[in-house]
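Undergrad: One letter stands for each residue in the lines below.
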Amino acid sequence: MKFTIVKMKIKTTRTSLLTVVLAGLTLGSNAQEVPTILSGATIHTGTGEVIQNGTLVMNHGKIMSIGEEPVNFIKNAKVIDVTGKHIYPGVFALNNIMGLNEIDAVRATRDFNEVGDFNPNVRSLIAYNTDSKILPTAFFNGILFTQPVPQGGSISGSSSLVYTKAWNWEDAAIAEDEGVHLNYPDFRPNHKPEEQERLNKELEAIRKFFEDAKQYNQQSNPSPVNLRLKAMKKVLEGKANLYIHTNKAKAMLHAIAFFKTNYPEVKIVLVDAEEAWQVADELAKQKIPVILGTIHRLPSYPANDVDQPFKTPAQLVRKGVLVAISQTGSWESRNVMFNAGTCAAYGLTKEEALQLITLNAAKITCTAEKLGSLEKGKEASLLVVDGDLLDMRSSKIQKIFKQGEEQQLSNEQEALYKKYKEKYGLE
Amino acid sequence: MRKYLTSIILIASLSLGVSASAQETFPHNGPRDQRPESVIFTHVNLIPSSGQHLVDMSVWVEAGKIKAIAKEIPANKGIKVVDLNGKYMYPAFIDAFSSYGLKWESKRESKSQQFLSNKPGAYSWNEAIRAELKAEDYFASDNRQAELFRKAGFGVTNSLIQDGICRGTSVVVSTGNHPSHEAIIKKNVHSAWSFNKGSSSQDYPGSAMGAVALIRQSILDAQWYTKQTKQTNLSLEALSNQLKLPVLMEVENKFALLRADRIAKEFGLNNWIYKGRGDEYQRLKEIKSTGKPLVIPLNFPKPYEVQDPFDAQYVSLADLKHWEMAPFNPALLAKEKIPFALTLKGCDQAGEFWKNLRTAIKCGLDPEIALKALTETPAQLLGISNQAGSIKVGMPAHFIIATTDLFRENGKILELWTFGKQEVLDEENPLEGISQLTLTGLDSFTTIQLGSNERQEAKLIGRDTIPMTLQQANGSLILQWKKNGLNQITLNKYSSTWRGLGMLANGKQVSLEVVEAKRNSEKPKATTPQEKNIEIPTTLFPFCEYGSAQLPAKENLLIKNARVWTNEQEGILEEADVWIKDGKIAGIGKNLQAKDARVIDAKGKQLTNGIIDEHSHVAIYNGVNECTQAITAEVRIGDVLNPEDINIYRQLAGGVTAAQLLHGSCNPVGGQSALVKLRWGVAPEEMKIEGADGFIKFALGENVKQSNWGIYSSRYPQTRMGVEQVYYDAFYRAREYDAELKRNPSLRKDLELEALNEILTRKRFISCHSYVQSEINMLMHVADSFRFKVNTFTHILEGYKVADKMKKHGVSASTFADWWAYKYEVVEAIPYNGALLHQMGITTAINSDDAEMGRRLNHEAAKMVKYGNLKEEEAWKMVTLNPAKMLHLDKQTGSIKVGKDADLVLWNDNPLSIYAKPEMTMVDGVIYYSLERDAELRAFVQKERQRIIQRMLEAKQSGEKTEVHISRQDEVYHCEDEN
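Chain order of the listed sequences is V and F.
Taking this note's numbering, the leading residue of the first sequence gets 1, the next gets one more, and so forth.
Taking this note's numbering, the leading residue of the second sequence gets 1, the next gets one more, and so forth.
Note that these hints are calculated values from the structure, not bench results.
Hints may contain errors.
Unchecked claim - Examples of chain V residues lying across from chain F (beta carbon under 7 Å, computed):
#1 His-191
#2 Ala-303
#3 Asp-305
#4 Gly-341
#5 Val-384
#6 Arg-393
#7 Ile-397
Owing to the predicted nature of the structure, the values given are computational and were not obtained by experimental measurement.
Every residue, glycine too, gets a C-beta built ideally from N, C-alpha and C.
Given these sequences and hints, build the entire structure.
TA: Below, the structure is given as C-alpha cells:
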C-alpha cells in the first residue's frame, strides 16, 4: 500500500442532541456527528465471518466495535435496531465506466476513450462525473465504491478508486491514479501473415514503451517532459497497479512471462480474464490477482461447459488466486452483486462470493487498510439489507452508511415510479 | 457384359476424313489445314458406361463420333490404328456445376443505401435477380481454364454465372480445344439460383431470410408477368420462360438445401437440383425426403493447425468432425440411394480432385457409383444423355484414356477426347512396371536398379553401388550420376531399348544402351475399400458441441414430492406429484401411481413450467434484420431457423423451453416471427410450434429512425413523425390490395401486403419493439383506426407512463427488467416498469432479447420482487404463463395443468433465487437437458475433440498440408443488430 490514500477530513467536534436530530439523513456530508449503534443484525464482515445477532458501532466515520456482544450505552449515541436484517460491507464495482459514460448511444456523453495508443497520462478521475444519473442507481443497490476505467488503445489510461456518492471528483477520490490499464493483444491464430505481423508490431510497441518509460523515469530531471512516459513512474516502481486486460489464456501467459522477466517490480493484475481458469495454477504460483469481467456471460467457445463463466471464480479461488469480479459497462454495473451470487451457486460459499466484491476488491486496489470488510478501525461504509445482498429475491437495501453517516437512498427511477403510481392511484 | 462381340455397326456417315468441325462461316487465312479424322483404338479396356466393362475391344472414332464398337474392326488404309494395349477408356466426365469459359466479372461497387437496381434498362427492380442472363452470351472457349477440367477428366461442363440470386440460364459446353461456336452443346439448360446476392450492390436482400422472400416474390412476379400487358420487364420475361426449366440451386449448407426445397414444394416445383456444400451426410434423412438430385463437391478440408491447445480452441467440434466425415459424404448419400453428381468445384487442382475421389472410394463409395456420378447422372441432370456420359455408337466421341482402372488403382489420365478431338494430358511412363535395367557401355556399372518414388531415384550397380537419377522428357531418358564429377547422358528410345551418346565427366566418349531386365511382380495398390474395415464415424444431432448420436426420447415420467409451481389457481403445491405421459401432463396430485412411468424423486426440489422467452434471437441463421426497407413484412424468421445454435442448448440449461424468435428492430415493420420450442437436435421445421398463430415484428424509435447507425441515412423514416406515416400508408395499401384482389383474382400476389393484410384481418399479431410513451400511444391510435389490436409491446420501457391507455387498448407488455441508459430513448426507463404494468392489470412478461440473459430469465423475473415488491408467483408468471398468453400458447403451455404440454423444469431451489439451477429441462416430455446428460455430453465433447485432434496431428506428421482455421461462431443477435 505505498500510494497515497486521499485522507478524508473527519469532524470530531462534539455535537448537541439538537444537532443529532437535525442531522437526520444527510445528502453528502461525510462527517459522522454522533456514534451510531446497529444492533440485532446478521453481520457479514467480508472476512468470511458471519456474526449472528451482532452489534456494530460506528464513530467518527469508522467502525468502533463489532461483535456478538450487545453494546449497552455510548454517550449521545444513536441506536438503530436492525434485528433480522443483514449488514454487509459497501460493494465495490471495479472495472467499469460509470461516471465516464452516461448514455451509450450518445457520443457527447462518452468520456472513456482518448485518441492514441499509449495514454497512461489520461486520468479517469478528473472526468468522473459525480452527478451522473447512473451512479445513484448503483448506490441504491449497495455499490459504494467504483473504479472508472478508461478504454481503448494499448494503454488506455489511469483509473482511480472513487466513491459512488460525492460532491465532486476530488471529494470522491479514494485511491488516486491507482493503476494504469494495458490492453494486451489476444494472440488469436491467423493464417494471414500480415495479421501475424500486426501482432508482432503491437507487442514490439508495448515492449518499447515500457523500455522507454523505464529509461525516462530513471533520469532525475528529464527534458523534454513526456507526459506519457512520466505517467508510468508509479507503475514501474510498483506503487500503482498495472492492469492487464485480456480474455485469452495464451496472452495472459505471455504477459506474465514478459513482466516477471523484464519488470519484476511491476504489480500486475489481470482484468477481464475470461480464460483465466485455464491457467489458474500459473496465476496462483506467480501470485497474480485477477479482476474477472462480467460473470453473467456466455462461454467463450461452444465446447466450453455451459456454466464455465459462472464457475471460473471458484476454480481460481480454490487454487489460491486472489479474485475480484466486475460487471463491465456503466448502468449494468449495478448488478455486480448478483454476479457474485451466481459464483456462490457455482462453487463458492456465499461469504467467499461476497469477498469477490468487497475485501478482495479492496486488496487488489490497495485500499484494504480501510475498506472492504467490517473490522474495527476500518471505514464505516456499509449496508443494511432486508435479506441476502447477493440474491435479487431479497436484496433490498434498507440503509446505507457512508463513513458512519446514513445516506439518502432515493433516485430518479424510484421517483418516477412513485409519480406514476400516484397518477394511477396505485398502492 | 460384352454387347458388341463380332458385328461392326456402321453409322450413316460415309465421309471418310472429312471434318465435321469446319468453321464454315469463317474465312480462311491461307491453305486449309484439315486432317483426317478417323481412328480405330484396339485392345481397349472399355467402360462404355458405369457398371459395364468390355475387355479387349476396338473402338472406331470418326468425324467426331463413335462410329463402331466391336471386338475387332478391320482397318482400311488411311485409317489410323492406335493400340491401347489394355488401357482404359471411359466416357468423358461431366461437371454439372461450373463457370468454365464464362467471361463474367463479379464487380461489386460498395455503396451504402441503394434501394433499387443500378442496372440500366427494363430489368428487375432487384439487381440480384438476373434471369435475363444467358450463360452462352458470356461463353468463350478458354484453353487455359480448360486445363484444370481436362486434367481431372471432365470433357463437358454445365457453365453458369455464379453470381446473384437468380443467375439466368446455364449452357452445356465442351472443355475441348474447339472454337466457341462448336464447343457449345446445349443452351438454356438450367435456371440457376442461389441465396447469395453476389455482386449486387443493392441493399435488399440484406439477410438470408430476405433472399428467401425475394425468391418467392420473384417466382410469383414471373407467374403474374405472362398475364399482364402493361409493362415489359426483361428479367421477369426471362424468368417466366424459365419456370419450366430444371432449377439448379446452389446452397451453402444442408439447412439452406432444406430451405430451398421448402420453396420448391411451396410452388409445386419438382425439377430442382441442389448443388450442396458436401455436408449433406449431417441431415441425410431430411435430404433424402426432398427426393431431389444433388450436385456435390469433393472439397474435403485440410487438417487444421491444432498442435497448440490454446489455438485449437478456435476450431469447433463441427469443423473437426467435418474434416473427419466429409470424405464419407458421397458414400453415405449413395447408401441412402440419393442420386448425385460430383463436381470439380471446390478443388483447385485435378490432383486434389482425384486424391479426394479415391479417399471417398476408400471411405465406402462404390467405384461404379463414383463413375456414374461423373457421367450418367450429370448427363441426365443436364438432359444430354444421348450426347455425353457414355460411349455408344452414334454418340459424340467424348472419352478419356487412362493407364489403368482409375477408380480402383492409381492410374493416370493420358488423353481426353472431345468431339473426336484429342488432347494429350499426360505421358505414359515408359518405365512403368520395370524394376531393373541392364546397362552396357560403361566399364564399371552394369545394372540400374529403379527406385520407387516415380522412378526418380535409382541406383547404379556394378563394382560399386551409387545413387543416380532418371528423368523422362519427351520420350527420352536422362541419366545423371556422380563419378569423377557430374555425368549426364540422354538416351532415346528405339522400340525396346534406349540408346545414347555422350561424354563422361572424365572426358571419355561413351555409347550407352539400356534394356529392360526385370519387371515388378506386384500390381499397383488398389484403392478399392475392403468393406468391413471402414468404420463410419457417427454423426451428431445437432452437428455441433452438445449434440449426440441419438436424440433423447419422449418418456413417461412420474415426478414425486416436488414443490410444484402450477401457475394456476392452486398456486404452489408442496410435496406434490406430476405424471407425464406422451409428452403431456397427465396428472397432478399427491401419491400418484402410474404404470410404465419412470419415477423421479424430486423431494426438496421445485418443479415449474419451462421459461418462455417472448423476445429471443437465438437459432437464427445469417441475419436477424432485413434492414433494407422500411417495411419487410414478407420476410420470415421461420425460413432461416438454425437448430445448431449452441445457445439453444444453453437456454435449455437455463430452463427455457420455448421462445418467440423475432426479427430485429431496424425497420417499422420487420419480418414474421417463428414460435419454437427448444427441441435440441431436431430439423429446423421440427422446432416450430405446430398450429401456432402468426406473429410479426414492428418497431419504433431510434432503431427505426436509424439514429445510432453512425452514418447519414436517407431511408425513410428519419423521425418519429415519419414512422406514423409509414404505418398509415402501409395499412391503406394493404386494405386497397385486399379490396382489389377480391375484384381481380389475377392481381399480382404481393407477399408484403398479404402479411400486412393478415394483421388487418386479425390473423397475424404484432409484437412491437417500443420505448417511449409518445410512439406507443401513436401505434395504438393507428391500430384503433384500422380496428385491430396491437398484441404486445415488447421492451416497452416507458410503458409505465401510458399504462392506462395500454390497459384500455388491451395490449400486453413484454419488458426488460432493469435495462436503461444505453441510448437516449431509455433514459427514463425504470426497473419498476414491469411491476407497475402488472399492477395495472396488463399481461406483463420479462424478455431477454439476448442469448446470455435468456438463460437467466429467472433472475430477471426475480428483479420484479426486488424492485416492485411483486409476489413471487406473480413474478414467476412473467417468464412463463404471461408470455404464453401473449403468444397465444397458454392453452398448451405456460402452466402445470393436466392436458398441457410437459414443458417442465426441475430446480434445485426456488426458481427465482440466484442460487437456483435447473437440474432437468424437458420439452413435450423429452428431457433435452439434465445434470446427468450434461455431464455425459461435456465428457463426450472433450473426448471427441481430443480424438480428432490426435488424428489431425498424425495427419500433419505424415506430411499432409494443414491450415490455420478459426471456426465461425454463431452470431449472438439482438434487436439492435444491423443485420
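Undergrad: So which hints don't hold here, by number, going up?
TA: Hints 5, 7 contradicted; others consistent.
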